[in-house]
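2 protein chains.
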Amino acid sequence: MTISKNTIKYLRSLRQKKFRQKYNNFVVEGDKMAKEIFSQKHIEIEGIYALESWITTNEKLLLAYRDKIFNISITELGQISSLNTPNQVFVVLKQPSNTPNYNQVKQNLSLYLDGIQDPGNMGTILRIADWFGIPQVFCSPDCVEVYNPKVIQSTMGAFLRVDTPVTTLSALRKALPDLVLYGATMTGENIFEKRVSATGVIVIGNEGQGISPENLSLVDQQIRIPQVDGSGMESLNAGVATGIICAVFRNV
Amino acid sequence: MTISKNTIKYLRSLRQKKFRQKYNNFVVEGDKMAKEIFSQKHIEIEGIYALESWITTNEKLLLAYRDKIFNISITELGQISSLNTPNQVFVVLKQPSNTPNYNQVKQNLSLYLDGIQDPGNMGTILRIADWFGIPQVFCSPDCVEVYNPKVIQSTMGAFLRVDTPVTTLSALRKALPDLVLYGATMTGENIFEKRVSATGVIVIGNEGQGISPENLSLVDQQIRIPQVDGSGMESLNAGVATGIICAVFRNV
Numbered sequence: 001m002t003i004s005k006n007t008i009k010y011l012r013s014l015r016q017k018k019f020r021q022k023y024n025n026f027v028v029e030g031d032k033m034a035k036e037i038f039s040q041k042h043i044e045i046e047g048i049y050a051l052e053s054w055i056t057t058n059e060k061l062l063l064a065y066r067d068k069i070f071n072i073s074i075t076e077l078g079q080i081s082s083l084n085t086p087n088q089v090f091v092v093l094k095q096p097s098n099t100p101n102y103n104q105v106k107q108n109l110s111l112y113l114d115g116i117q118d119p120g121n122m123g124t125i126l127r128i129a130d131w132f133g134i135p136q137v138f139c140s141p142d143c144v145e146v147y148n149p150k151v152i153q154s155t156m157g158a159f160l161r162v163d164t165p166v167t168t169l170s171a172l173r174k175a176l177p178d179l180v181l182y183g184a185t186m187t188g189e190n191i192f193e194k195r196v197s198a199t200g201v202i203v204i205g206n207e208g209q210g211i212s213p214e215n216l217s218l219v220d221q222q223i224r225i226p227q228v229d230g231s232g233m234e235s236l237n238a239g240v241a242t243g244i245i246c247a248v249f250r251n252v
Numbered sequence: 001m002t003i004s005k006n007t008i009k010y011l012r013s014l015r016q017k018k019f020r021q022k023y024n025n026f027v028v029e030g031d032k033m034a035k036e037i038f039s040q041k042h043i044e045i046e047g048i049y050a051l052e053s054w055i056t057t058n059e060k061l062l063l064a065y066r067d068k069i070f071n072i073s074i075t076e077l078g079q080i081s082s083l084n085t086p087n088q089v090f091v092v093l094k095q096p097s098n099t100p101n102y103n104q105v106k107q108n109l110s111l112y113l114d115g116i117q118d119p120g121n122m123g124t125i126l127r128i129a130d131w132f133g134i135p136q137v138f139c140s141p142d143c144v145e146v147y148n149p150k151v152i153q154s155t156m157g158a159f160l161r162v163d164t165p166v167t168t169l170s171a172l173r174k175a176l177p178d179l180v181l182y183g184a185t186m187t188g189e190n191i192f193e194k195r196v197s198a199t200g201v202i203v204i205g206n207e208g209q210g211i212s213p214e215n216l217s218l219v220d221q222q223i224r225i226p227q228v229d230g231s232g233m234e235s236l237n238a239g240v241a242t243g244i245i246c247a248v249f250r251n252v
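Protein chains in written order, with the working numbering: chain L, 1 to 252; chain C, 1 to 252.
Note that the list lumps identical chains together, so a pair holds whenever it fits in one copy or between two copies.
Quick list of in silico lysine-lysine cross-link-like pairs, DSSO-like style, CA-CA up to 30 Å:
{"#": "1", "residue 1": "K68", "residue 2": "K150"}
{"#": "2", "residue 1": "K150", "residue 2": "K32"}
{"#": "3", "residue 1": "K9", "residue 2": "K41"}
{"#": "4", "residue 1": "K150", "residue 2": "K17"}
{"#": "5", "residue 1": "K5", "residue 2": "K68"}
{"#": "6", "residue 1": "K35", "residue 2": "K9"}
For the record, the hints were derived by calculation from the structure and aren't laboratory data.
Next up, chain L with everything else stripped away, as it sits in the complex (with noise of 0.2 Å):
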């Protein structure tokens, strides 16, 4: 099947958080990406957008996605994509529910991010989830979201295995009173000392801010990560102080 004008606007309009709001779908790029999704059992696939030569390649792994492949050209490939260098195939997915898992809380690590803005430093934090085996990763209302292509991109499949509820850190704390909220900060104790338990849920801040005063009233229990003395640093990298906090819960 081939496509029709109307239907690259649509497709390039799924680049604006609006219309992926209006349609509930989202957009994955990509041999590598598009091959990992195809794995994966839960998640609804709307369209596959390809160039003729990789259809042909993978034809065994479409078999069962038949009416929802579109043979599109090289140029229409470039009008829809939004990698500086498109890379074959551009897949619809619908965006799964995302509710929050309480059961799951209970048993589990878990990560909450208060206002994370970078859609890298979210893109990474979903790997260190991933990597660590953190099934959740709650976002608060004013993070960049998660379906955002730069996100996706940059989880490298990570958002297929991790879930993403976006919910306030009190509702949270109201549907589990008994968990336990840290919460990364400059004055805490430092995590190397400190005994952790392997559930709860660790609150990282937003890059600039930190933890709001809200959410921080909130928290059971403040950890930092300890810093050299003399160091000139007034803070690491967002991503890189969630994959030492979530390395150290998981090892220490």
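Given chain L, put chain C in place with the hints provided.
Just chain C now, with coordinates in the frame of chain L:
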């Protein structure tokens, strides 16, 4: 003093590596980073190009640089800046000599970056080094240049406190045959279970390929960040991996 069109052309040229190398200098932008430079004695300032309002506000700070200050308009700042939102001041600095300090290597933990390509990762790694008191980050000749404006801005000033000599790993090995070289790989020993020393060099590989075969053959001990069973991730971001390893070396 005001500036000529030729000066604008010259300042614009410093966005390119070949001109930074020709003139042996580089650029730092913005109010915060500029002020941090003035507090450092060891770095040589060639010129300060700033809006009149900024010069007036910072008169006292600028006393020592009176013959190096140039008053520019907002339009001129826009022409020379590599920032999306130019911020009041543009400083040209002499590149420091950046020769390896072998005595310092013997007494400290160091990093060796093997082909780090992304400017943001390079900046993040220098922030990590600064945070954990690692005085030297050696760079392979094919790393992204530290004086690239994107790297400099993303270091948040760490380039002022961390030296970044460019050298091959074999030259470092030859100069210091007794040095322990640790290499971050996917199959090394779990860093949380391994005894590590307070000195030595941690080799961090390229974002896609890891450590090159030649350099891996020079590594004494391979180390790894443990991954949870069932994680779908092939790797962590290079900056995150560096952060976790440095945190463990400094604290476990």
